[in-house]
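Engineer: In order, the protein sequences belong to chains A and B.
Residue 1 is where the first sequence starts when you use our numbering, and the numbers rise one by one after that.
Residue 1 is where the second sequence starts when you use our numbering, and the numbers rise one by one after that.
Note that these hints are calculated values from the structure, not bench results.
From the three backbone atoms N, C-alpha and C, an ideal C-beta is built for every residue, glycine too.
A hint or two may mislead.
[Claimed, not checked] Label-pair distances were calculated between CB atoms; the ranges are:
| id | chain 1 | residue 1 | chain 2 | residue 2 | range |
| --- | --- | --- | --- | --- | --- |
| 1 | B | Pro110 | A | Gly48 | 36 to 44 Å |
| 2 | B | Met1 | A | Met1 | 46 to 54 Å |
| 3 | A | Glu55 | B | Lys20 | 32 to 40 Å |
| 4 | A | Gly94 | B | Glu182 | 36 to 44 Å |
| 5 | A | Gly94 | B | Lys106 | 45 to 53 Å |
| 6 | B | Glu182 | A | Asn49 | 46 to 54 Å |
| 7 | A | Pro73 | B | His69 | 54 to 62 Å |
| 8 | B | Gly143 | A | Pro52 | 50 to 58 Å |
[Claimed, not checked] Below, a list of computed lysine to any residue pairs in the SDA-like style, where the Cα atoms sit at most 20 Å apart:
| id | chain 1 | residue 1 | chain 2 | residue 2 |
| --- | --- | --- | --- | --- |
| 9 | A | Lys99 | B | Lys210 |
| 10 | A | Lys23 | A | Glu55 |
| 11 | B | Lys211 | A | Ser25 |
| 12 | B | Lys210 | A | Lys125 |
[To be verified] Covered stretches of chain A (in silico footprint by chain B; criterion: 3 or more residues with CB under 8 Å from a CB of chain B, positions within the stretch not fixed):
| id | region |
| --- | --- |
| 13 | 16-26 |
| 14 | 42-53 |
| 15 | 58-69 |
| 16 | 87-96 |
| 17 | 102-115 |
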Amino acid sequence: MDKREEILLISGVDPKKCMRCGKCSATCPSYDEMEYHPHQFVYMVETGNIEPLLESKSLYKCLSCFACIERCPRDVEPAKLVEAVRLCAIRQKGANHIKAEDVPELVDEDTPQQLLMSVFRKYSK
Amino acid sequence: MKYSYFPGCTLKSKATELDKYARDCAAVLGFEMEEIENWQCCGGVYPMARDEIATKLSSVRALADAKAHGRKLLTLCSACHNVIKQVNNDILTDSDICSRANNYLKLDDPYNGETEVVHYLEVLRDEVGFGELKKAVKNPLKGKKIAAYYGCLLLRPGAVMAMDDPENPRIMEDLIRALGAEPVIYPQRNECCGGYLSLDDPEAVAKRRKKIADSAKEFGADMFITACPLCMYNLNKADSSVPVYYFTELLAEALGVKE
Ligand code: SF4
Ligand code: SF4
């Protein structure tokens, strides 16, 4: 299966529904941190331009806040595409974005367990 | 009414106040929270990929346990609520996920999404009622201007969470009114705090914190209330100018059960 097909399958997203209004990117709280924005994920996956996305730090800037899912007028659910592309990247051997040994120096005395759980779920396999 | 209660990992460690005050208030308000035996962490984030099953099983186990007791499943942490409710929705709407989860768990009684998931705020609104709650208030929080911070997890996706209008919620503002304080409505109340990015990119989260605090201050807020330990952590850093409390702490204060 090629990457595009795999991403479409595990995300369940149909990028052809997108009308390129840009509302997902306009509402994204991580917009400034991203090199590729949610609407670009949709377009680039649709056109099979996946490699730049797989390499991009943008994968780790999405907050899974569901704002783009809530506010897309066409029910495209861009965050599910971002998640699927990220999974394609981190499911490869040795590609975890955060490793257990990185953690001790990143935490402080108030760090909630919820944060560590979420980070491992999102950034490593 | 007795609920099957899912506390979640953080309420057993860094967010014990969120849990403790909720239990103390439930005793006064007349409902019971019975902790689910051997519950397992929800994972903190809802797994969106359709081929992820293992990461959804702890939610399904808790849901099946509540069903076996014939009770609703009660949550308090926004993240647990979001994950468990979205997984329940998968079980109800995605036959592939439902059958794979059941095949894996081999429950005596297959789980098909029967359990209703309710957040503590919904119990206050729908079971206790804000009118009755107001009557139970002993120390009205007079003069406090409180900004309800919803963040993302309580409300979205709106079609699944169905707690309130995801763009114009009022459940926490109604709670604030019932406690005798004044709610502050401000634009950033349902935008994300930066969530789990705070480990990998704390500068980005500091920008979110400033934006949210500035927005609340501009509309006159003295403090935030939240239901989420991660929102608490992200909003509460040293550079924050608006203090943050769990909503259960203010509830306990108003009901006169806070020592
Ligand atoms: S909001 Fe929806 S329709 Fe508009 S650009 Fe984004 S994905 Fe496409
Ligand atoms: S879910 Fe991710 S991509 Fe969508 S608005 Fe939130 S941060 Fe942006």
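Engineer: Could you run down the list of hints and mark each one as holding or not?
Structural biologist: These are the hints, each one checked on the structure:
no.	hint	result
1	B:Pro110 with A:Gly48: 36 to 44 Å	holds, 40 Å
2	B:Met1 with A:Met1: 46 to 54 Å	holds, 49 Å
3	A:Glu55 with B:Lys20: 32 to 40 Å	violated, 46 Å
4	A:Gly94 with B:Glu182: 36 to 44 Å	violated, 54 Å
5	A:Gly94 with B:Lys106: 45 to 53 Å	violated, 34 Å
6	B:Glu182 with A:Asn49: 46 to 54 Å	holds, 51 Å
7	A:Pro73 with B:His69: 54 to 62 Å	violated, 42 Å
8	B:Gly143 with A:Pro52: 50 to 58 Å	holds, 55 Å
9	A:Lys99 with B:Lys210	violated, 29 Å
10	A:Lys23 with A:Glu55	violated, 24 Å
11	B:Lys211 with A:Ser25	holds, 18 Å
12	B:Lys210 with A:Lys125	violated, 32 Å
13	16-26	violated (count 0)
14	42-53	violated (count 0)
15	58-69	holds (count 8)
16	87-96	violated (count 1)
17	102-115	holds (count 9)
The structure shown violates the earlier hints numbered 3, 4, 5, 7, 9, 10, 12, 13, 14 and 16.
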